[in-house]
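Taken in order, these protein sequences are the chains called A and B. Per the working numbering, the first sequence starts with residue 1, numbered consecutively. Per the working numbering, the second sequence starts with residue 1, numbered consecutively.
These are calculated hints, taken from the structure and not from any lab test. Since we're looking at a predicted model, the values are computed, not measured. Think of the CB as a built atom: it goes at the ideal place given N, C-alpha and C, for glycine as much as any other residue. Accuracy of the hints is not assured; some may be wrong.
What the hints assert, rightly or not - Quick look at which bits of chain B chain A covers, simulated, 3 or more residues with Cβ under 8 Å:
no., segment
1, 183–190
2, 226–235
As the list claims (entries may be wrong) - List of simulated lysine-lysine pairs, BS3-like, C-alpha gap at most 30 Å:
no., chain 1, residue 1, chain 2, residue 2
3, A, 143, B, 78
4, A, 455, B, 307
5, B, 370, B, 340
6, A, 88, B, 245
7, B, 307, A, 200
8, B, 298, A, 432
What the hints assert, rightly or not - A few chain B residues facing chain A, derived, Cβ under 8 Å:
no., residue
9, 45
10, 65
11, 77
12, 149
13, 152
14, 160
15, 173
16, 174
17, 257
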Amino acid sequence: MDIKKSQQDLDSFDTKSSQVDRRDFFAKTAALGVTALAGTSLLAADEAGEAAILEPQPWGTKWGDPITKNLYGMPSKYEHNVTRRYTKLLASGNFRASIAVTPIQESSGIITPNGLFFSRSHGGVAHIDPNEHRLMITGLVEKPLVLTMKQLKRYPSVTRTHFIECPANGGQEWRGPQYNSLQFAKGFMSCAEWTGVYIKDILKDLGVKKEALWMLAEGGDSSKMGRTIPMEKVWDDAMIVWGQNGEALRPEQGYPIRLLVPGWEGNLCVKWLRRLDFASEPWYCKEETSKYSVLKPNGKAVQHFYANEVNSTVTSPSPEIDWSDLKDGDVVEIEGLAWSGMGTITKVDLSFDGGNNYVETSLKGLVLPKCWTRWSYMHTYREGEELLLTSRAMDDAGYIQPTVDQETLVVGVEAVYHRNAVETWKVEKDGKITHVEVRSQLGRKENGELFIEGKA
Amino acid sequence: MFTINKNFLISISAAAALSLTLSACMENAAPSDTKVAKKAAIDGGVMYPVANGMSGPYHVNTDAHNKKIEYGRVPTAKEYEEWNTDIMANGEGLPEGEGSVEDGEEIYDSKCVMCHGDFGSGGGGYPSLSKGNAYELHDTLTNQRIKPDTDGPVRVFGTYWPQASTLWWYIKDAMPHPMTDSLTDDQVYSLVAYILNINEFEIDGEEVDDEYVLNREKFLKIKMPNANGFEPKIDGPHGPENVRKYFSNPHNFGAIKVKPADRCMTNCQEKTAKVVYIKGAGISDFHPPLSEVRDLPKEKATGFSAKKAYEANCAMCHSADGMGAPMIGDKAAWANYMTKGMEKVYSNGINGINGMPPKGGSSLSDTNFKSVVDYIVSKSK
Numbered sequence: 001m002d003i004k005k006s007q008q009d010l011d012s013f014d015t016k017s018s019q020v021d022r023r024d025f026f027a028k029t030a031a032l033g034v035t036a037l038a039g040t041s042l043l044a045a046d047e048a049g050e051a052a053i054l055e056p057q058p059w060g061t062k063w064g065d066p067i068t069k070n071l072y073g074m075p076s077k078y079e080h081n082v083t084r085r086y087t088k089l090l091a092s093g094n095f096r097a098s099i100a101v102t103p104i105q106e107s108s109g110i111i112t113p114n115g116l117f118f119s120r121s122h123g124g125v126a127h128i129d130p131n132e133h134r135l136m137i138t139g140l141v142e143k144p145l146v147l148t149m150k151q152l153k154r155y156p157s158v159t160r161t162h163f164i165e166c167p168a169n170g171g172q173e174w175r176g177p178q179y180n181s182l183q184f185a186k187g188f189m190s191c192a193e194w195t196g197v198y199i200k201d202i203l204k205d206l207g208v209k210k211e212a213l214w215m216l217a218e219g220g221d222s223s224k225m226g227r228t229i230p231m232e233k234v235w236d237d238a239m240i241v242w243g244q245n246g247e248a249l250r251p252e253q254g255y256p257i258r259l260l261v262p263g264w265e266g267n268l269c270v271k272w273l274r275r276l277d278f279a280s281e282p283w284y285c286k287e288e289t290s291k292y293s294v295l296k297p298n299g300k301a302v303q304h305f306y307a308n309e310v311n312s313t314v315t316s317p318s319p320e321i322d323w324s325d326l327k328d329g330d331v332v333e334i335e336g337l338a339w340s341g342m343g344t345i346t347k348v349d350l351s352f353d354g355g356n357n358y359v360e361t362s363l364k365g366l367v368l369p370k371c372w373t374r375w376s377y378m379h380t381y382r383e384g385e386e387l388l389l390t391s392r393a394m395d396d397a398g399y400i401q402p403t404v405d406q407e408t409l410v411v412g413v414e415a416v417y418h419r420n421a422v423e424t425w426k427v428e429k430d431g432k433i434t435h436v437e438v439r440s441q442l443g444r445k446e447n448g449e450l451f452i453e454g455k456a
Numbered sequence: 001m002f003t004i005n006k007n008f009l010i011s012i013s014a015a016a017a018l019s020l021t022l023s024a025c026m027e028n029a030a031p032s033d034t035k036v037a038k039k040a041a042i043d044g045g046v047m048y049p050v051a052n053g054m055s056g057p058y059h060v061n062t063d064a065h066n067k068k069i070e071y072g073r074v075p076t077a078k079e080y081e082e083w084n085t086d087i088m089a090n091g092e093g094l095p096e097g098e099g100s101v102e103d104g105e106e107i108y109d110s111k112c113v114m115c116h117g118d119f120g121s122g123g124g125g126y127p128s129l130s131k132g133n134a135y136e137l138h139d140t141l142t143n144q145r146i147k148p149d150t151d152g153p154v155r156v157f158g159t160y161w162p163q164a165s166t167l168w169w170y171i172k173d174a175m176p177h178p179m180t181d182s183l184t185d186d187q188v189y190s191l192v193a194y195i196l197n198i199n200e201f202e203i204d205g206e207e208v209d210d211e212y213v214l215n216r217e218k219f220l221k222i223k224m225p226n227a228n229g230f231e232p233k234i235d236g237p238h239g240p241e242n243v244r245k246y247f248s249n250p251h252n253f254g255a256i257k258v259k260p261a262d263r264c265m266t267n268c269q270e271k272t273a274k275v276v277y278i279k280g281a282g283i284s285d286f287h288p289p290l291s292e293v294r295d296l297p298k299e300k301a302t303g304f305s306a307k308k309a310y311e312a313n314c315a316m317c318h319s320a321d322g323m324g325a326p327m328i329g330d331k332a333a334w335a336n337y338m339t340k341g342m343e344k345v346y347s348n349g350i351n352g353i354n355g356m357p358p359k360g361g362s363s364l365s366d367t368n369f370k371s372v373v374d375y376i377v378s379k380s381k
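Given only the sequences and the hints, what does the whole structure look like? Please build it.
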C-alpha cells in the first residue's frame with residue numbers, strides 16, 4: 001500500500017485493493033525459473049519432508065490482525081515461557097518484599113526488554129500518578145527545590161546504557177551451588193538504555209554547600225526506601241532517570257523516576273524517587289546497615305560497598321538450554337555475559353576444566369562502561385565429553401574475577417552480597433548442564449583466619 | 001610538637017592527594033584515546049570524565065551541561081516538614097515523646113506479630129527482630145558456616161545494627177508493612193522499647209525490663225553492641241576519604257588486581273579444589289516452572305475458587321498459630337465475630353483491621369473477597 005495515499009484514496013480502499021492483477025502474478029511466477037535449482041540431485045529424495053514446509057499454514061493463507069489491534073505491542077503468545085520468575089525462598093509471605101528475576105538464559109545482546117527487567121521491591125510495586133508526584137531537593141543547598149515531573153524532564157537529557165544488578169546476585173551460593181538454573185543463579189540483574197538527567201546538572205544552580213558530603217535518596221513508595229550516596233558519585237555520573245529503552249520506566253522500575261548510580265548496587269538506584277537531601281554526616285538507612293553490608297570472618301562488616309565488581313557467566317549453554325541436542329562434531333558457539341560496575345570489560349577468558357587452564361575469548365558487539373558485554377568462543381562438540389565451563393572477566397580498573405577459594409578466604413561464606421567468584425557449568429556426558437562450584441574445604445585457625453585444608 | 005607533627009602529616013597526605021589528582025588529570029587530558037579513563041574513584045573503580053567532548057564512548061554536548069537552568073520552586077516549610085522524616089545517628093530529626101515496653105508489646109501483638117512472629121522470632125519470609133540477649137549473641141558475628149556442623153552469625157537489630165536511629169526511623173516511615181506511616185511518635189517509642197526489651201538491652205546501666213519507659217533522652221543514650229563493627233569509618237569530615245582509601249586496597253573486600261599480561265592462564269586452581277555439586281535434589285521452587293518450550297499458554301481456569309483464593313492470600317496468617325489473626329476453624333473466635341453481623345465481618349476484612357491490611361493485601365474484588373470470608377466462616381462452624 002502506498003503510504004502517500006490521500007484521505008479520498010483511503011475512503012475507497014476496500015473496493016480498490018481487493019482486486020488482484022492476475023497478469024502481474026503470472027509474470028512473476030515465470031521469472032522464478034531463472035533462479036530454480038539446476039537439478040534435483042542436490043536434494044534429499046528419501047523422505048517427503050516436513051509439514052512445516054509442505055503444509056500451508058493458517059498464518060500463511062489467512063489475514064493477520066488488523067493494524068488497529070495491539071496498539072501497544074506484546075510478545076508472541078508462543079514466547080510465554082520467556083518471563084521473570086520468582087521463588088518463595090526469596091520472598092516475604094505476601095510477595096511485597098520480594099524479587100522476580102530475569103531469564104538471562106533467553107537474553108540476546110546487551111539490552112533487557114522492559115517487561116523482563118528484574119524486579120525488586122520492599123513494599124510492593126507502587127503505581128504513582130506522575131501528575132501528583134514531586135521531586136524535593138533539600139539540606140545543605142542555598143536554594144532548596146521542588147520539581148514537577150514535567151519540569152524535571154525539561155533539563156538537558158542524558159542517555160546511557162548500564163546494567164543494574166542486585167548485589168545479592170549469586171548470593172545464595174556462598175556455601176555451594178544451590179540453583180540448577182542460570183535465571184536464578186545469575187538473573188538478579190538486567191541491562192537497559194536509560195534516559196534522564198545528571199543530578200549535577202540540577203545541583204550546579206542550587207549552591208551546594210561545601211560541608212555537604214553525602215546525599216540521601218528516598219523513595220515515595222510505602223517502604224520509603226532510602227540510601228546514602230557520597231557526593232563524588234553525585235558530581236560524577238549519578239542520574240535521575242525516567243526513560244528505559246526508549247519509553248517510560250515501568251512501575252516495577254520506579255515509574256515515574258528512579259535514581260541511577262551506574263555500576264553500583266541495584267539497591268542504591270532508589271525507585272519511585274521523591275527526595276534528595278544533603279548533609280555533612282551519612283545517614284544510617286535500614287538497607288545499608290541491617291542489609292547490603294558484607295560480614296567478614298573477623299566479625300567486621302563492609303559498609304558502603306558501592307560497586308558491583310567485575311563478573312561474568314556462560315549464558316549458552318545453560319542448565320535451561322543445554323547441549324543434549326548436539327551431535328558429535330557439531331560446531332557450537334559458547335556465549336556469555338561479562339560486566340563490571342567499576343569500569344569497562346577488557347578481557348574474558350574461558351576454561352574447560354573448571355578454572356584451572358584458560359583460553360581468551362572474543363568480545364562481541366558494543367563494549368561500554370558499566371554495561372553488559374557479550375563474549376564468544378567457538379567449540380567443536382564431542383559426543384560424551386565432560387567439560388567444566390568457567391568464564392573469567394577483567395575490567396579496565398585492573399580487577400579480575402577471583403576463584404571461589406580466593407574470594408572466600410578473605411570475605412568468608414557469610415557475606416551474602418557482592419559475590420563475584422568465577423561460576424562453573426558442568427557439561428554432562430549426555431549434554432545436560434549442571435551448576436557446580438570448584439572449591440576447596442576451608443578450615444579455621446585459632447586466630448579466626450580461614451585457610452585451605454590440605455594445602456601444602 | 002604533637003600539633004606540628006600532625007600538621008606535617010596532614011600536609012604530606014594533602015600533597016599526595018594533590019599529586020594523585022594531577023596525574024589523573026594529566027592522563028585525562030591525553031587526547032590520543034578518550035576511551036582510556038583513569039582516575040581512582042571512591043568505589044575502587046574508574047571514572048569517565050568528559051574529555052574532548054566525550055565521556056568514554058559517549059558523545060557529550062558540553063554546552064547542555066553549562067547553562068544556568070531555573071525550573072521549579074522553593075518548597076514551603078510545611079512541605080519540607082512533611083517529607084523531612086529522616087533520623088540521623090546523632091538524633092537529629094528525632095522527635096520528643098515516650099512509650100513503654102508494656103504498650104509496645106500490646107501494639108506489637110496487634111500490628112507486628114503476624115509477620116515478625118512471637119517475641120520477634122521471625123517467620124514467613126520476614127526478618128527476626130531478636131534471637132535473645134544481644135550482648136551475648138554479638139559474639140556470633142565471627143561465626144562462619146564453612147562446615148555442615150558450624151552455626152552462622154546472628155544478624156538481628158540488637159546484635160548487628162550499628163545505630164539505634166535506624167530502628168526508630170524505619171518503624172516510623174516503613175512499618176507496619178501493609179500500613180506504613182500510621183504510627184504516632186509515642187507508639188514508635190513503645191515499639192522501640194519493646195524491641196530493646198526482647199533483645200535484653202541496657203541503657204545507661206539500666207536494664208530495659210518489662211516496666212521500662214523510653215523517651216528521647218534515654219534513646220540517645222543507647223549504645224549498640226556492634227557500633228564499631230563496620231568498616232570503613234564513614235562518620236566525620238574524612239568519611240568519604242576513608243571510603244576511598246578502603247576501596248583502594250583490593251584485599252579489604254576480597255578483590256584481585258592484576259595486569260592483563262600477568263593474569264594466570266595455566267594451573268590457576270588450588271590442588272585441593274574439587275567439583276562441588278548441588279546438595280540433594282536442589283531447589284526447584286520456581287514460578288512459573290522453568291521451561292524453554294515455545295507453545296501456546298495453557299488456558300487459564302476461569303472459575304473462581306474461594307478455597308484457592310484463601311490459600312493464596314489468607315492462609316499465611318489465618319492458618320498459622322501465633323500470627324495474631326483468628327485461626328480458620330477456631331469456632332469460638334469466629335462465633336464471637338459473627339455476633340456483630342456478617343456485614344461487619346465483611347467490612348472489617350475489606351477495609352483491614354488491626355494488623356490485617358485491606359482484603360489481606362489481596363487484589364480480590366469485593367464480591368470474591370466476600371466469598372472467601374464465607375469460606376472461612378463455613379470452615380469455622
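Going down the list of hints, with the structure as the test:
no.	hint	verdict
1	183–190	violated (count 0)
2	226–235	holds (count 6)
3	A:143 <-> B:78	holds, 16 Å
4	A:455 <-> B:307	violated, 58 Å
5	B:370 <-> B:340	holds, 16 Å
6	A:88 <-> B:245	violated, 40 Å
7	B:307 <-> A:200	violated, 54 Å
8	B:298 <-> A:432	holds, 27 Å
9	45	holds, 3 Å
10	65	holds, 6 Å
11	77	violated, 10 Å
12	149	violated, 12 Å
13	152	holds, 6 Å
14	160	holds, 7 Å
15	173	holds, 4 Å
16	174	holds, 5 Å
17	257	holds, 4 Å
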